[in-house]
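> This is what each chain is made of:
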Amino acid sequence: MFEAIAFYLFAFLTISMFYITVTTSQALYALAALAAGMIFISAFFFILGADFLGAIQIVVYSGAVMALYAFGMMFFDTTRDIKEKQGNRAIVFGLSTIAATLVVVIFAAPMVSNNITALYPIIEGAGNTQQVGMVLFTKYLVPFEVAAVMLLVAMIAGIVLAGKKMDLSLTLMSDDEVMKLKNEQNKKVLL
Amino acid sequence: MMEIGLNHYLVLSTILFSIGLVGVIRRKNLLMLFFATEILLNSVNISFAAISHFYGDLTGQMFAFFVIAIAASEVAVGLGLLIVWHKRHGNIDLEQMSTMRG
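Protein sequences, first through last, are from chains S and A.
With the working numbering, the residue at position 76 of the first sequence is 76, and numbering never jumps.
With the working numbering, the residue at position 87 of the second sequence is 87, and numbering never jumps.
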C-alpha cells in the first residue's frame with residue numbers, strides 16, 4: 001500500500017521534473033529540475049531496498065555532478081534563451097520508430113526467456129551495504145579498479161582542459177622562458 | 001493495481017528514457033544535451049535496480065554503480081571540452097560544430 005503510494009508519487013514527480021528539464025528554455029530551470037529529478041530517483045532505490053545505491057545517487061549526482069554543471073554554467077552565457085532544433089522530420093520520425101521497436105524488444109525479452117537465475121543471490125541476514133561490499137570486492141574487483149583509474153583519468157583530463165596555460169610545461173622550459181612567463185604574469189597583476 | 005511489480009518499474013524507466021531521448025533529439029544547446037544524457041543514464045539505473053530487487057540478484061546494482069561512475073567521468077571530460085570550445089568560439093550551439101561536414 002505505502003509502496004504503491006510512494007511509487008506513484010515519485011514516478012509523477014520524476015517524470016514532471018525531467019519533462020521540465022527537457023522542455024524549458026531557461027538553462028537555470030533545467031539545472032534545478034534535473035537536480036530535483038536525481039534526488040527523486042534515489043527514492044526508487046530506497047523503495048527497492050538498494051540503500052547504498054540511493055545514497056551514492058544523492059552524493060554523486062546532486063553533490064558532484066550538479067556542482068560541476070553549475071560551475072560549468074558560469075562559463076557559458078545562460079541568460080540567453082536556448083533555441084530549439086528544427087530538425088529533419090524524417091530523421092526524428094525514424095529514430096523514434098527505432099526507439100519504440102527497441103522498447104518492445106526489451107519488454108518482450110524477459111517474458112520470452114523465463115529461465116533467469118540469480119548469479120550472486122542476496123545473502124540473508126546482511127545489510128544492503130554489506131552485501132554490495134561482499135560482491136563488489138570479490139567478483140567485481142577488477143572492474144572496480146578500472147573504474148577508479150577511469151575516474152582519475154577523467155579528473156586529470158578535466159583539470160588539463162579547463163585550466164589556463166596547461167599546454168605549457170615548466171619542467172621542459174629553460175630558465176629564461178620561465179622568467180619571461182613570470183614577468184608577464186606580474187605585469188598582468190599590476191595592470 | 002496496488003501491487004508494484006517489476007513491470008511498473010520497467011514502464012517508468014521506459015517513460016524516462018523516452019523523455020531523455022526526446023531531449024537528445026530536440027536540443028540544440030550542448031549543455032542541455034548533457035542534461036538529456038544524464039536522464040538516459042538514470043532511467044537505465046532504475047531498471048537495473050528494479051531487476052536486481054525482483055530477481056534477488058546483486059549484479060544489477062553493480063552495473064548501476066559502474067553506470068554512475070561512467071556518468072561522473074563523462075561529465076568531467078565533457079564539461080572540460082565544452083569550456084575549451086566556448087573559449088575558442090564563444091558559443092556552445094550544436095549547429096556551429098559542423099566543421100567536418102564535406
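The hints are simulated quantities; they were obtained by calculation from the structure and are not laboratory data.
We put the CB at the ideal spot given by N, CA and C, even for glycine.
Fair warning: there could be bad hints in the mix.
Going by beta-carbon spacing under 7 Å, a handful of chain S positions derived as facing chain A [said to hold, decoys possible]:
hint: 1; residue: I39
hint: 2; residue: A43
hint: 3; residue: M74
Calculated cross-link-like contacts (lysine-lysine; reagent style DSS-like; alpha-carbon spacing at most 30 Å) [as the list claims (entries may be wrong)]:
hint: 4; chain 1: S; residue 1: K182; chain 2: A; residue 2: K28
hint: 5; chain 1: A; residue 1: K87; chain 2: A; residue 2: K28
hint: 6; chain 1: A; residue 1: K87; chain 2: S; residue 2: K182
hint: 7; chain 1: S; residue 1: K187; chain 2: A; residue 2: K87
hint: 8; chain 1: S; residue 1: K187; chain 2: A; residue 2: K28
hint: 9; chain 1: S; residue 1: K139; chain 2: A; residue 2: K28
hint: 10; chain 1: S; residue 1: K182; chain 2: S; residue 2: K164
hint: 11; chain 1: S; residue 1: K139; chain 2: S; residue 2: K164
hint: 12; chain 1: S; residue 1: K165; chain 2: S; residue 2: K139
hint: 13; chain 1: S; residue 1: K165; chain 2: S; residue 2: K182
hint: 14; chain 1: S; residue 1: K180; chain 2: A; residue 2: K28
hint: 15; chain 1: S; residue 1: K180; chain 2: S; residue 2: K164
hint: 16; chain 1: S; residue 1: K180; chain 2: S; residue 2: K165
> Now tell me if each hint is right for this structure.
Hint by hint, here is what the structure shows:
Taking 7 Å as the C-beta contact cut-off toward chain A, the hint placing I39(S) at the interface is violated, the least distance being around 11 Å. At its closest, the beta carbon of A43(S) sits 10 Å from a beta carbon of chain A; the interface hint therefore is violated under the 7 Å criterion. A hinted interface residue such as M74(S) counts as satisfied when its beta carbon comes closer than 7 Å to some beta carbon of chain A; here the least separation is about 10 Å, so the hint is violated. Proximity of K182(S) to K28(A) is assessed by CA-CA distance (about 41 Å); at most 30 Å being required, the pair is judged violated.
Distance restraint check for K87(A) and K28(A): the Cα-Cα separation of roughly 18 Å lies within the 30 Å cut-off, and the hinted pair is therefore satisfied. Restraint check: the Cα-Cα separation between K87(A) and K182(S) comes to about 23 Å, which is no more than 30 Å; the hinted pair holds. Proposed proximity of K187(S) and K87(A) is supported: the alpha carbons are some 22 Å apart, at most 30 Å. For the proposed pair K187(S) and K28(A), the alpha carbon gap of about 40 Å is over 30 Å, so the pair is violated.
Taking the CA atoms of K139(S) and K28(A), the gap is about 42 Å. The hint is violated against a cut of 30 Å. Only pairs whose Cα atoms come within 30 Å are accepted, and K182(S) paired with K164(S) is accepted, the gap being roughly 14 Å. This hinted pair does not check out: K139(S) and K164(S) have alpha carbons roughly 42 Å apart, beyond 30 Å. This hinted pair does not check out: K165(S) and K139(S) have alpha carbons roughly 43 Å apart, beyond 30 Å.
Distance restraint check for K165(S) and K182(S): the Cα-Cα separation of roughly 13 Å lies within the 30 Å cut-off, and the hinted pair is therefore satisfied. Proposed proximity of K180(S) and K28(A) is contradicted: the alpha carbons are some 43 Å apart, above 30 Å. Distance restraint check for K180(S) and K164(S): the Cα-Cα separation of roughly 17 Å lies within the 30 Å cut-off, and the hinted pair is therefore satisfied. For the hint linking K180(S) to K165(S), the alpha-carbon distance of about 14 Å falls within 30 Å, and the restraint holds.
Hints 1, 2, 3, 4, 8, 9, 11, 12 and 14, counting from the list given before, are not met by this structure.
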